[in-house]
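S.K.: Construct all of the structure, not just a fragment, from the sequences and the given hints.
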Amino acid sequence: MNNLVFHLRDAPVSAWAGIVIVAFYAVLAILAPVLAPYAESASVAAQYQPWIAPHYLGTDALGRDVMSRLIYGARNTVGIALATTILAFTLGASWGLLAATLGGWFDTISARAIDVLMAIPPLIFALLILTITGTSVVALILVIAILDSTRVFRLSRAVAQGILTMDYIEVARMRGESVFWLIRKEVLPNAASPLIAEFGLRFCFVFLFISALSFLGLGIQPPTADWGGMVRESAKLIAFANFSSWQSATFGLAPLLPAGAIALLTIGVNLVVDWVLHLSSGLKE
Amino acid sequence: MSSIQSIILKRLLSGLLTLWIVTVIIFGAIELLPGDIATEKLGQAATPESLAAFREKFDLNRPVVERYVSWLGGAVTGDFGISLANQRPISELIGQRTANTFFLAGYAAAIAVPIAVISGMMAALYNGSIFDRVLSSTTLAAISFPEFFIAYILILVFAVGLGWFPSLANVDVDTSLGERLYKTFLPAMTLTLIVLAYMMRMTRAAILNLLALPYIEMAHLKGIKRWRVIAVHALPNALAPIINVIALNLAYLIVGVVLVEVVFVYPGLGQVLVDAVSNRDVTVVQAACLIFAATYILLNLLADILSIIANPRLLHPR
Amino acid sequence: MSDILLDMKNVMIEGRSDRQWKPIIKGVDLTLKRGEILGLIGESGAGKSTLGLAAMGYTKGGCRISGGSINFDGIELVGASDEALRQLRGKRIAYVAQSAASAFNPAFKLINQFTEAPVQHGVLSKAEAQSDAIELYRKIRLPNPETIGFRYPHQVSGGQLQRAMTAMAMACRPDLIIFDEPTTALDVTTQIEVLAAIRDIVRAYNTAAIYITHDLAVVAQMADHIKVLLRGEEVEQAPAREMLSNPQEDYTKSLWAVREFRRAPRPPRDANEAPLLVVENVSAAYGPVKILDNVSVTIKRGSTVAVVGESGSGKSTLARVIMGLLPPIEGGIVYDGTALEGVGAKRKRGLKRHIQMIHQMADTALNPKHRIKDIIGRPLQFFIGLKGAAKEARIRELLTLIELDPDEFMHRFPSELSGGQKQRICIARALAAEPDFIICDEVTSALDQLVAEGILRLLDRLQRELDLTYMFITHDIATVRFIADEVVVMQHGVIVEQGLKDDIFTPPHAPYTELLLSSVPEMDPDWLSNLLTARDGKIAQVDPE
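Chains as they are written, first to last, in our numbering: chain A, 1 to 285; chain B, 1 to 318; chain C, 1 to 545.
Hints listed in this document are in silico derivations from the structure and should not be mistaken for laboratory results. Take these hints with a grain of salt, some might be off.
Ranges of calculated distance between the beta carbons of each label pair, as one might list FRET restraints [unchecked claim]:
id, chain 1, residue 1, chain 2, residue 2, range
1, B, Ala294, A, Pro223, 52 to 58 Å
2, C, Lys387, A, Ala139, 47 to 53 Å
3, C, Tyr286, B, Gly128, 42 to 48 Å
4, A, Gly104, B, Lys225, 48 to 54 Å
5, B, Ala294, A, Ala139, 21 to 27 Å
6, B, Gly128, A, Ala61, 47 to 53 Å
BS3-like, lysine-lysine: derived pairs with alpha carbons at most 27 Å apart [stated by the list, open to error]:
id, chain 1, residue 1, chain 2, residue 2
7, C, Lys346, A, Lys185
8, B, Lys225, C, Lys109
9, C, Lys348, C, Lys387
Just so we're clear, the structure is a prediction, and the values are computed from it rather than from any experiment. Every residue, glycine too, gets a C-beta built ideally from N, C-alpha and C.
M.R.: See below:
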């Protein structure tokens, strides 16, 4: 990690753009109650107000302030996605590293089981499970984390397998080091860069995935402000957009604002990930 | 038996095994539903008689294994049982819609595959050119944008703004092919944009890997013309990775279709699945999940087998 | 027609790294007459391959020719159009790569890759090229010349592929062929056939050649002239015999001297002393494939036993069995009177400490994320139980022992060390456990000659000072002569011959030992000719037409 901070000084513009975007979202999420002009789910005006002060981004079907809901959405959507990614990562990475290091039947069975789970498209699998569990936030986090941990498992296992072929691992094994020591001291330091990058990619995937489920009405449930759900709620408005005046044209933007918020954060994270990947490949030489 | 046949056979068997395990998961997951389907569906106030009738109708009295076998047997022949929600045969509900979904995915693939493969190859050949750099930045956008973002931008521009295409893709059995193609143009474009950049990037990476190999350098050092190095030396070896890229993305298309169908209110299998999940219509969910998962697994299986066949080391064993 | 075929003047080549251009070749001149063979030798990083490729007007990706002139038979190659260069390549200048296995396209039969250049350059029709291929395959002594061309590259052995590539280079009867370390990846016994084939065919067609290698003895057989490169600059050039007998520059002299070095004789030991390590009738297998078959070796304390063999002989597997990485399916290991567990993990820590191993590739044997002090410190803590100041003091002692300055190296990462320094760290790590017995697995084969010599001298000194016992695994006979007391010769998992070094190296030999020893190239320029004459009178001559 020290290396990353050190390399920050000569990071390219794209990486800086990514960092700024991510930081902006982090501030929004953390300071949402302070920054949002209105409460998250209170009706504060007539429905479908155009973009006029004090509702700079208008109001929705229930007369709630869109700008406030967007800001709270950062907290809800990003928070849930982050929690899910962390869970998926802890699960998948520790299992993957352990399987690769132990090898033998444990590794074989794990890998085969994961192959079967990954043979089912994640969205379909999630829909199947959510039918059973219902769409509570806890169920959402658990289901997506477990599904996504299969991807983390596969990557961390592959990375670890590459490292485990190195002679320094053989030296440690000959010495008689424990599996825990091997993972912590020999494998993990070398796997750190690809795993950090993977964390970013997994976050993007989970974040888009949750948004997609919410958009389908099967993710985060109203009245909690959430970007995927906001796209769904305001989708019909797009038909009322006409380009005679800019204020009536803003109806067309109603679903695009939350969708764009999702897209921008994903781009930001991807820009940072690209840079980290580039850095780790450069350091290998 | 030659080694390539035994490798293909092994891959085929493991694919079918996977498919079988997936059917068990899909069937078994619903069995894990907390509580009793009958009580859940009919509510706490249901009389014992109506519960018994419900159980009889949905065949819930037989042991699990027996029900699984008859469900699987039915599914193979296209009979998925009856819907919990409206009690109609599921095959009737999803038959036409499944066809619609495959039509849309096929439409998108027909646009996306040729563009992606050709431009991916161009980007690899002119590595580092402006074309290449534009490609890699659009890829970033495409993997970052949620499907519905792309869809609504297209709607705003081409349906609301320019009025060239309809924003709702409402087709039915009687819609002619031409009209069908016209009405589903925006959803197909959305799907195309989703997979296009990704496919291009994967094709480009596959070709670039190949061009760095010593035998390609050797061909240049033999004084072979550039186009011939690409067409004769690189392409035959690039076939396997490109086939893989195409099949992976087709598999992705089949699933990506779910969101696009909802945006454009297109009467496909994805819509059915989403509605069924909301209504907790478990028999329909099972049927739709099985169709999606089976298509996905079979496409991946096909990709693997084709790339085994395209490998010269396996094709001409020692 | 001028006598000079290739005239390179003040050639400068740069490579791009860390966003800037750095010189690889710093102004080298090279002149080659028709039919002449120039040997280009140097250690890794000397730029010999880069210079060789530049003779075709070609540079690897990320490199560029930044200055000078390359004149091939009146055609200036620097700044020539791609099309002009393309018409020369393959037709008038051909290239033979180091690894034939990766330089042949796996999707096509050998003969179709042969005919491609002559057909594309319009020299021969496809049918003519095919019969020419068979003719050349015969001349180059490939088995079944009529049919071997119709095989795919992966269906043919490495030595045969390398010869097929030489035939392919000859397809258009070029004026010049660049041989880029064509035998480096081959075993010595295979190398002989390839060397003979290359030399004969090049002489038969009076083709000029640049022969790139790091092996002096090989270049002595092949070249009329020898040019020595060091870090992108010419050290000296002279006719081969003159260069071999009377090198002028210190660097060249030191390269030559390495081969002559012999270890100082040891005082004799008590012949009745119990052996330190006994390998008893060991057989081992990876899955169904048996790698070791009934192998027995006895190693005396304080001695060095060299295990010699070519790839696939099972010599490294023997080391893995002793280390407990691969449990034997039969037989066992006795160390100092104690039978060792087959599975290393079951061995007691106190026992493990005595047996250490040093790997071939120091690059992969050191964790890139650990500092030197942690790499050496870990076994100190693990085996000896040292901590804190005592540990640091011992690390300093060990670094001094392997002739590295503790203050300078303790806090470095492996990536900040040279290849030889890394191997020294590996030695220090093995010594940290205070072992009696060390297995050295090809420890010098990835290093340049001069560096390798330094490592061998260090190991020799450590053995005398610390009374160490070595098992030295190598494919290099020169290393064996340098360091061994006893020699074990292995082939296909079986011990062919074993005994005292002097006995093994003095005739009569077992047949395989004979083949192995006679295949090791010597500095005598007539060695290859004499050997071939001795082995088979009729092989030595090849008719041009």
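S.K.: Does the Cβ-Cβ separation between alanine 294 of chain B and proline 223 of chain A fall within 52 to 58 Å?
M.R.: Hint violated: Cβ distance 38 Å, outside 52 to 58 Å.
S.K.: Are lysine 346 of chain C and lysine 185 of chain A close enough, with their CA atoms no more than 27 Å apart?
M.R.: 22 Å, holds
S.K.: At the C-beta level, are glycine 104 of chain A and lysine 225 of chain B separated by a distance inside 48 to 54 Å?
M.R.: 52 Å, holds
S.K.: Is the distance from the Cβ of lysine 387 of chain C to the Cβ of alanine 139 of chain A consistent with 47 to 53 Å?
M.R.: 50 Å, holds
S.K.: Would you mind confirming whether the straight-line C-alpha gap from lysine 348 of chain C to lysine 387 of chain C stays at or under 27 Å?
M.R.: 21 Å, holds
S.K.: Starting from lysine 225 of chain B, check that the Cα of lysine 109 of chain C is at most 27 Å away, please.
M.R.: Between lysine 225 of chain B and lysine 109 of chain C the Cα gap is close to 20 Å, so the pair holds against 27 Å.
S.K.: Within 21 to 27 Å: is that where the Cβ-Cβ distance between alanine 294 of chain B and alanine 139 of chain A falls?
M.R.: This hint holds: roughly 26 Å between Cβ atoms.
S.K.: Do glycine 128 of chain B and alanine 61 of chain A keep their Cβ atoms within the hinted range of 47 to 53 Å?
M.R.: 50 Å, holds
S.K.: Verify the CB-CB distance for tyrosine 286 of chain C and glycine 128 of chain B against the hinted window 42 to 48 Å.
M.R.: 44 Å, holds
The structure fails hint 1 only (numbered hints given earlier).
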